[in-house]
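What follows is each chain in one-letter form.
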Amino acid sequence: MKRKSPKAADSKNRAVNERPGGISQWSIAWRRFKKNKAALGGLFIIGVVIFMAAFDSLIAPFPPNDISGFYKGEARVPPSWDHLFGTDKLGRDIFSQVVYGAKAALYVGFGAAAIAISIAILVGLFSGFYGGHIDNFLMRITEIFLVMPFLLILLVFLRVIIVLAPSGIGGLSVVTLMIGAFSWSANARIVRAEVLRVKEYEYIDAERALGASERRIIFRHVLPNVLHVIIVLTTLQIATAILVEAAVSFLGFGDPNTITWGQQLQNAQEAVKEAWWEGIFPGLFITLLVLGFSLLGNGLRDALDPRLRE
Amino acid sequence: MIKYIIRRLLYLIPLFVGILILVFAATRMAGDPVRLMTGLNPHITAEAKQQLREYYGLDKPLYHQFSVYVWELLHGDLGNAYAIRGGLPVTTLIGQYIWETFKLQLAALFLSLAISIPVGIMSARKQYSKLDVSVTTTSLFGTCIPIFYMGVIAIIIFSYYLGWFPPFGAHSLFAERYPFGNYALDELWHMALPTAVLTFALLAPVVLLVRSSMLEVLRQDYILAARASGLSERTVVYKHALRNALIPVVTYVGLYFGSMLAGAPITETVFNWPGVGRLFVEATNRLDFPVLMGITVIITLMTLVANLITDLTYAYIDPRIRFE
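Chains as they are written, first to last, in the working numbering: chain A, 1 to 310; chain B, 1 to 324.
Mixed in with the good hints there might be a few duds.
To be verified - Result set (BS3-like, lysine-lysine): computed pairs, CA atoms no more than 30 Å apart in a straight line:
1. A/Lys37 - B/Lys130
2. A/Lys34 - B/Lys49
3. B/Lys126 - A/Lys37
4. A/Lys89 - A/Lys103
5. A/Lys35 - B/Lys239
Worth flagging that the hints you see were computed from the coordinates, not collected in a lab.
Small disclaimer: the values here were computed from a predicted structure and weren't measured.
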């Protein structure tokens, strides 16, 4: 199977159509995806947030921790043209903080999903492909991670790490690593089920008869055929990771040295009554970004499902 | 059947021990709990620290501490708290808080099921209608809003702006503030906002689940056969289809029932609710390891039992499922 970015494939659609091999799976998927308005909307939201993160210092009118507003008597002022989203008790501009928080949200989302899905792929592939004792052993471990109270154990680990390293080595990276390390189990099960399905196909038998090594079969033939599931799982896992990080920060177990939307919401807790704007805007952005990834994930699921044909 | 249950129970033991080891490792990773407990107090002598260590059995090797913990656990003893409420037994402590948590979660679970099943069915029966589109859109949105954000918005609107409900806590401090001087009404009044938020958070995924599974079932041949044999639409949907459509919902509710306490820290922090979740956050902040281990153990046990009950419920709903 040729791996091509969907966009590139689409622009060459005509040329591809004339090729003897026919059009690639990716361009079929992209064509279907394009018709899905909700999924495109999700992609748009994600694009906006990535733009915010990439050009944060250009977009944000104030530096993230600028408290000069405090000395001008602009502490906890409601939204206005000077401060689009208002300011907090130290006179920091909420809009600027929201802009700077975009990078943290994306970092945790992509980072934690990458870790979780990598573990899930390895566990799922080996468990599904080899079966027997390996499968049994890996699935028991998966079950432990599936059954345990995820959020509680995450909080304990994060708190203990804060105690171990008071200066906060890594900070946000530790939070990302922990979320990733604790959220692979459900994904691993889905990958395993998919591998079990693919494993039974004739082309795998054919490959084996041709004398291909197990490694080649797993990585060249099984993996590409479960890739569509993995892409969808990754997108949805990004959404979950962003939600979990927000919750963890909200409870005060996040990285205190990074501005995150969850942390902004936590800070807003002390003045919900006086200053509604402090929490409303960061929370809105969490919701929008999570919605963006959910819509994208659902759209990808519909576009990539090989059982749905045009 | 009984054989199956026994086998499942035996099978749960290694799972439970695995989780216990994980939590135990997390609490011991930070090193000596006594050092953490007394770190802020410069007046404690080395002898006093040693006494504390001996008192809590922390001078013994780790495997010994773990087996003592398991042994006491088998006798229903979760140890004494380090810091919270002057070292009360953990079981007593949890007993004081757990009812407040259950009250909230069960009310929300009940309400959300009562709403989501009929709404999901209606949505599935009129697929792509205006009603269906608005239900699915709202539900999708509902799954994306963090529950604490929903809580904050609810507090701003209904407590501060409209002034209908109290924003925090589970009870009024003084009897004079009870609505109509009634204690039960006061309880309900405080419950209203957190229950509503939790209900909405639970509602969204269940509605989507009921809808998609109903759609799947309604497409099957036996439904066509039932319709062809002239049964009324009501009988077809509520008697023949619903039973099968509810299987995934049972799974979801079973899993939720087990893990509902695990999500409690977030809701209870937003509404300052005196439940197990907030106790857990406090215990984590103060590194009160016996308390947080105790809560984790209870939640894990609940999850495992709920999973078992879910599996058994399957057979009741769907006679095709047999226990091997």
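Each hint tested on the structure:
1. A/Lys37 - B/Lys130: holds (17 Å)
2. A/Lys34 - B/Lys49: violated (67 Å)
3. B/Lys126 - A/Lys37: OK: B/Lys126 and A/Lys37 at ~21 Å, within 30 Å.
4. A/Lys89 - A/Lys103: holds (23 Å)
5. A/Lys35 - B/Lys239: The hint is violated at about 38 Å.
Checked against the numbered hints listed earlier, the structure breaks hints 2, 5; every other hint is satisfied.
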